[in-house]
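2 protein chains.
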Amino acid sequence: MDMRPIGVFDSGLGGLTAVRALWDILPEENLIYFGDTARVPYGGRSKETLLKYARQDVRFLRSFDLKAILIACGTVTATSLSTLQAENDLPIVGVVEPTCRRALLVTKTKKVGIIATLASIRSGAYEATLKRLDSEVEVIGKPCPLFVPLVENGRFRRGDVVIETMAREYLEPLKAQGVDTLILGCTHYPLLTEVIADVMGPDVTLVSAGEESAFELKRLLKAEGLRADENRSGTSEFYVSDQTEDFERIASVFLQEDLRQAARRIDIEQY
Amino acid sequence: MDMRPIGVFDSGLGGLTAVRALWDILPEENLIYFGDTARVPYGGRSKETLLKYARQDVRFLRSFDLKAILIACGTVTATSLSTLQAENDLPIVGVVEPTCRRALLVTKTKKVGIIATLASIRSGAYEATLKRLDSEVEVIGKPCPLFVPLVENGRFRRGDVVIETMAREYLEPLKAQGVDTLILGCTHYPLLTEVIADVMGPDVTLVSAGEESAFELKRLLKAEGLRADENRSGTSEFYVSDQTEDFERIASVFLQEDLRQAARRIDIEQY
Numbered sequence: 001m002d003m004r005p006i007g008v009f010d011s012g013l014g015g016l017t018a019v020r021a022l023w024d025i026l027p028e029e030n031l032i033y034f035g036d037t038a039r040v041p042y043g044g045r046s047k048e049t050l051l052k053y054a055r056q057d058v059r060f061l062r063s064f065d066l067k068a069i070l071i072a073c074g075t076v077t078a079t080s081l082s083t084l085q086a087e088n089d090l091p092i093v094g095v096v097e098p099t100c101r102r103a104l105l106v107t108k109t110k111k112v113g114i115i116a117t118l119a120s121i122r123s124g125a126y127e128a129t130l131k132r133l134d135s136e137v138e139v140i141g142k143p144c145p146l147f148v149p150l151v152e153n154g155r156f157r158r159g160d161v162v163i164e165t166m167a168r169e170y171l172e173p174l175k176a177q178g179v180d181t182l183i184l185g186c187t188h189y190p191l192l193t194e195v196i197a198d199v200m201g202p203d204v205t206l207v208s209a210g211e212e213s214a215f216e217l218k219r220l221l222k223a224e225g226l227r228a229d230e231n232r233s234g235t236s237e238f239y240v241s242d243q244t245e246d247f248e249r250i251a252s253v254f255l256q257e258d259l260r261q262a263a264r265r266i267d268i269e270q271y
Numbered sequence: 001m002d003m004r005p006i007g008v009f010d011s012g013l014g015g016l017t018a019v020r021a022l023w024d025i026l027p028e029e030n031l032i033y034f035g036d037t038a039r040v041p042y043g044g045r046s047k048e049t050l051l052k053y054a055r056q057d058v059r060f061l062r063s064f065d066l067k068a069i070l071i072a073c074g075t076v077t078a079t080s081l082s083t084l085q086a087e088n089d090l091p092i093v094g095v096v097e098p099t100c101r102r103a104l105l106v107t108k109t110k111k112v113g114i115i116a117t118l119a120s121i122r123s124g125a126y127e128a129t130l131k132r133l134d135s136e137v138e139v140i141g142k143p144c145p146l147f148v149p150l151v152e153n154g155r156f157r158r159g160d161v162v163i164e165t166m167a168r169e170y171l172e173p174l175k176a177q178g179v180d181t182l183i184l185g186c187t188h189y190p191l192l193t194e195v196i197a198d199v200m201g202p203d204v205t206l207v208s209a210g211e212e213s214a215f216e217l218k219r220l221l222k223a224e225g226l227r228a229d230e231n232r233s234g235t236s237e238f239y240v241s242d243q244t245e246d247f248e249r250i251a252s253v254f255l256q257e258d259l260r261q262a263a264r265r266i267d268i269e270q271y
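Just so you know, the sequences run in chain order Y and E.
In terms of my numbering, the first sequence is residues 1 to 271.
In terms of my numbering, the second sequence is residues 1 to 271.
Pulled out of the complex, with its shape left as it was, chain Y reads as follows:
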């Protein structure tokens, strides 16, 4: 048994959808979450800027004695995972590979769609991973640059003409090309599940990045003998790099339950 916490980070608060999944799948583990809210969004930035930010995020988390890190950010995973793994002597799990494995399990037509930020799609990481795991798969990627700002501004509900219009614009080409599986390659997107499902229809299976990576982390902790005592309830601590006002309210949306816990603010550029 290993009672050390797991570090989780994202560009902002979208990664809390992965915390939600960890609470369900690994309720006994202690979590330290960092959201880089002073520099969100990551999705349109260059590979070099993203690697720099990701290294700082990991250095901050490693100021705690961690047993593993979950990168709850599609953009960082897609652009920086292998470098971060090579530079750090603890297990680091990203969202790309677990999500691709799941998508290949559920697709029947071997036509898989992937929606993510511009940086993630440009990196080609999801497509390369899917093709490495199954050379016959056909992959159709689509960047959705406005989904993160829209979700962060609360525009994610069914019946909102703005999000529904953007969803139709982004997704109808994927639907027209006949994908039967759609990877939500950004941890902000689970909040859009209903809106996305309305456009894609009942025959397309949605695969969510945060949830699959939580299952992957569970397998990894088990394999390496790193799990906490299963009879306990884990605790979570939250850190952000910008103002902590409104954190509880916004975090509650991503966590899908009332959070009564404040976040602490840190200066990420010190790391």
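Please note that a few of the clues may not be correct.
The list treats identical chains as interchangeable, and a pair is accepted whether it falls inside one copy or across any two copies.
What the hints assert, rightly or not - 25 Å max Cα-Cα, derived SDA-like pairs, lysine to any residue:
1. K67 / R55
2. K108 / N30
3. K175 / G234
4. K175 / T205
5. K222 / L105
6. K131 / T109
7. K47 / T244
8. K142 / Q243
9. K142 / N88
10. K47 / D246
11. K47 / Q261
12. K142 / T109
13. K175 / D246
14. K52 / T244
15. K218 / E230
16. K47 / E245
17. K47 / R264
18. K111 / D246
19. K52 / D267
20. K47 / Q85
21. K47 / I268
22. K47 / E269
Don't read these hints as lab results, they were simulated from the structure.
For this one, chain Y is given, so just place chain E on it according to the hints.
Then chain E, alone, in the frame of chain Y:
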């Protein structure tokens, strides 16, 4: 005569609307533009983070021998102008006061609306400046947090249901309250002039931040004997903090003419 360049900066490329105004109003001046594209958008960040970013932006610009600085960013002006002026021994012009003076010249009903980012509205800077200049003015402020990401993603044209829906939501309460003048308090917003005018109607005068500050800078240079030779054509150099790909194409939109000049990339966190 003083041939040293003028420094101009913004969170991203929206400040290029002020460069457009400077080209028209002060065509003989040399300009050095910096857009902090690695950390855009500024509008939702805290006052402390904004001051830190603004100080770095000024330090980078002052690595050139400048005669003046124009802060082509409503958010930085609203939160950090007086501190930057106190810390620097050269003239620094912001967008708030010139815009407020203009609004007070054109309003007849003394009911003035102001739209800007969340940080600008929260700062209260526009409202405080308007009331200092005319204690009888009634000010109605409205944050429009999605306007910057929408403009940056090319969603600013008449007939676009997404921007038109957001414009109606943000602006109809201002219209209902009977403002006769509307300050566009963010340098991204001039691209939305048609969309905003369609909602506000012909009886509301729009006052644009970038243009008024260019006039203010002209007056200041003249008063202090700092103007360049009026018989020459000035040059402009462009610097950004993230990737320079697509710069010419996106800059051309804000500058309203074809730009055939690349931007150079710098690491703003070194400053």
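Here's how the hints hold up against the structure:
no., hint, in the structure
1, K67 / R55, "within (17 Å within a copy, 38 Å between copies)"
2, K108 / N30, "neither (38 Å within a copy, 61 Å between copies)"
3, K175 / G234, "neither (41 Å within a copy, 51 Å between copies)"
4, K175 / T205, "within (12 Å within a copy, 44 Å between copies)"
5, K222 / L105, "within (22 Å within a copy, 71 Å between copies)"
6, K131 / T109, "within (14 Å within a copy, 65 Å between copies)"
7, K47 / T244, "between (28 Å within a copy, 12 Å between copies)"
8, K142 / Q243, "between (32 Å within a copy, 21 Å between copies)"
9, K142 / N88, "neither (31 Å within a copy, 46 Å between copies)"
10, K47 / D246, "between (30 Å within a copy, 15 Å between copies)"
11, K47 / Q261, "between (34 Å within a copy, 23 Å between copies)"
12, K142 / T109, "within (19 Å within a copy, 49 Å between copies)"
13, K175 / D246, "neither (37 Å within a copy, 29 Å between copies)"
14, K52 / T244, "both (23 Å within a copy, 17 Å between copies)"
15, K218 / E230, "within (12 Å within a copy, 70 Å between copies)"
16, K47 / E245, "between (30 Å within a copy, 12 Å between copies)"
17, K47 / R264, "between (28 Å within a copy, 17 Å between copies)"
18, K111 / D246, "neither (41 Å within a copy, 31 Å between copies)"
19, K52 / D267, "both (15 Å within a copy, 11 Å between copies)"
20, K47 / Q85, "within (16 Å within a copy, 35 Å between copies)"
21, K47 / I268, "both (19 Å within a copy, 16 Å between copies)"
22, K47 / E269, "both (18 Å within a copy, 16 Å between copies)"
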